[in-house]
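A.B. asks: Sequence:
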Amino acid sequence: MATYEVAVILLVDSSGAVLMQHRDDRTPVSPNQWGLPGGHVEPGETPEQAAHRELLEESGLTVPELREFWSGPRPYEPGFPHTVTVHAFHGTTDARQQDVVLGEGRAMVFVPRDEVLDRDLGVTAAAILPLHLGNA
Numbered sequence: 001m002a003t004y005e006v007a008v009i010l011l012v013d014s015s016g017a018v019l020m021q022h023r024d025d026r027t028p029v030s031p032n033q034w035g036l037p038g039g040h041v042e043p044g045e046t047p048e049q050a051a052h053r054e055l056l057e058e059s060g061l062t063v064p065e066l067r068e069f070w071s072g073p074r075p076y077e078p079g080f081p082h083t084v085t086v087h088a089f090h091g092t093t094d095a096r097q098q099d100v101v102l103g104e105g106r107a108m109v110f111v112p113r114d115e116v117l118d119r120d121l122g123v124t125a126a127a128i129l130p131l132h133l134g135n136a
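Per full-length UniProt numbering, residue 1 is the first one in the sequence shown, and the count goes up by one each step.
Hint data in this document are derived by calculation from the structure and do not stem from the laboratory. Computed from a predicted model, the values in this text were never measured in an experiment. Quick reminder that beta carbons are idealized off the backbone N, C-alpha and C, glycines included. Check before you lean on any hint, since a few could be wrong.
Derived DEER-like restraints, expressed as beta-carbon distance ranges [unchecked claim]:
1. Glu65 to Ser15: 27 to 37 Å
2. Gln98 to Pro43: 34 to 44 Å
3. Arg96 to Leu117: 14 to 24 Å
4. Gly103 to Pro64: 30 to 40 Å
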């Protein structure tokens, strides 16, 4: 069984909206569901470096600071037998929707805070978003 790490980014704009990705059907985890930008931590890379890289690759956005607020195992997903450690980072941005460049998935949009949990969430987002929404 493969073991690896991923970094995800919970990026919040000035209104409190959360940057979310509508995943496409080609992804092995949570296809056609909503999640947070992020991806694999590459060899020689720290989780924080991976978070910054993935944010840029998937949204075209950069932020000066990301703070890790949670780390742990990704919830089990049927048909995906890997052991995955998730590193969740929080950041804020003054970026607006028109600043986002879609680099991966079907859409990358700022979702108003009160609508985040109404989306069809992937396993990782479903585990992480309530942590943020309960503490922010």
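A.B. asks: Is the gap between the beta carbons of Gly103 and Pro64 within 30 to 40 Å?
C.D. replies: 20 Å, violated
A.B. asks: At the C-beta level, are Arg96 and Leu117 separated by a distance inside 14 to 24 Å?
C.D. replies: 23 Å, holds
A.B. asks: CB of Glu65 to CB of Ser15, is that within 27 to 37 Å?
C.D. replies: 19 Å, violated
A.B. asks: Indicate whether the distance between the beta carbons of Gln98 and Pro43 respects the range 34 to 44 Å.
C.D. replies: Between Gln98 and Pro43, where Cβ atoms are some 35 Å apart, the hint holds.
Comparing the model with each earlier hint shows violations of hints 1 and 4; every other hint is respected.
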